[in-house]
Amino acid sequence: MDRLGGTENRIACRWHTGSVWSPVQNWGGWDVASIEFDERGIGHLAFVDISRSPNELYYATFDSATGQRSVPQLISAGPDTLKVDAAAMCAYRDGTVFAVWAERKGAWPGVSQLLFSTNYSPGAPADVSSFRAEASDCTNRLYWTNPASPNFSGTLICFRTDRPPEFPGDGVVLVDRLSTPGAQDSHVHVGLTNGVPCYYACFTYDAARHYSAGVHAQATPHLLTAGEVRLRPDGSIVDLSGKVVSASFPSSGCFYFQEPDRSSGLRILSGAAGSVSPGDIVSVSGVMGTRVLSGRPSERQLTAQSVAITGRRAPPAPLTMRGIAVGGEGVDPYVPGVLGGFGLNNIGLLVRLAGRVTAVSGAALYVDDGSGVVDPSGNRGVLVLAPVSPAPVAPGTLVAVSGIVEGSVPAGQVTNRRLIRVRTADDIAVF
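In this note's numbering, the protein residues as written are 1 to 431.
Don't read these hints as lab results, they were simulated from the structure.
Keep in mind the model is a prediction, meaning the values are calculated, not measured.
Think of the CB as a built atom: it goes at the ideal place given N, C-alpha and C, for glycine as much as any other residue.
So the derived label-pair ranges between C-beta atoms look like this:
(1) G67 x G274: 53 to 61 Å
(2) S306 x Y211: 32 to 40 Å
(3) Q218 x T310: 23 to 31 Å
(4) W108 x D176: 51 to 59 Å
(5) P233 x G370: 33 to 41 Å
(6) P315 x P390: 22 to 30 Å
(7) G295 x T161: 44 to 52 Å
Using the sequences and the hints, build the whole thing.
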């Protein structure tokens, strides 16, 4: 730091970024008496603002990483100050900063007094933002964003099962760690009992352990359903267990599972697609995402990080439905539906449709059950994708087909058409 020329005795500052020196930053009428840097590169300043009268002593922080200064706070003794002659910033071992200064009071030239603020602190940092708890099987996942406050040092998270924690240390301390201002952070709370609610409180603190007011979140761990996780945003980590495999398509690197009660199903991206078969009971952990076709969202899918076969049962029976119900309506904001969707969303579910074949093209056939479905291609009926080409049926044939309701957005369309993807030739029954 140095003084610039001129009558205002202005102060200029520049700092080293680790590779280069920053441009000169003009601090205007600040006459810096002392600066103390902590281990995070935050400077604690004692200065006189010579643009104001009387010349009181002020405190502010300076972030050497961003060049940002905090709003100045008055620390000298009050309105009868004539002049602050000298000042120094000091710090205790715990990081608490304080100022020592010489101040004149009374009639000019005044009487000098040596003053100090033994416990001065800039105050607690702001609370974290976007604090949330997402429930999973015997697990809750916590997410938050640290405040940008220059005096932020870390976070402390407590939890209770009877009520929300009211203060730091109220309940069980789950997280207590140093972190970086503005960074996104998370924690996985494992070993929980399904059905027992957990109440969380997250507090931020500075180097002297001054705590923020705190923010709260709550989640109750439970067995997740495919329908529930489809409503979570892309990037959400989920754990599912007790699901039954309904189809496997190793050539596409995916398989489908569904709830034992056939209420919902989900596409799973996994290298284990060739190792599972219909009827396997699986536990899967992974990251939720959205399959995109023709530049449009087509269906929710989970990218598996782990897949475990935990049992075996009879392969699931398909859910019989009318053609107009195939696919169903979308569910805002994440679950796509089909063009002209009717009823509950069932993309990802194993279903059965009976009707007459109206057209065949390669592996594609169209099955019309009389419910009025017209495919974007102009063919009457629901598009059925056979496992072989050409499809083993002829137009006019009465068939019953079983398969997975899969996302399918044709080029130039804005949403899905109805599509049933058959697993094997046995899934096409000819009457």
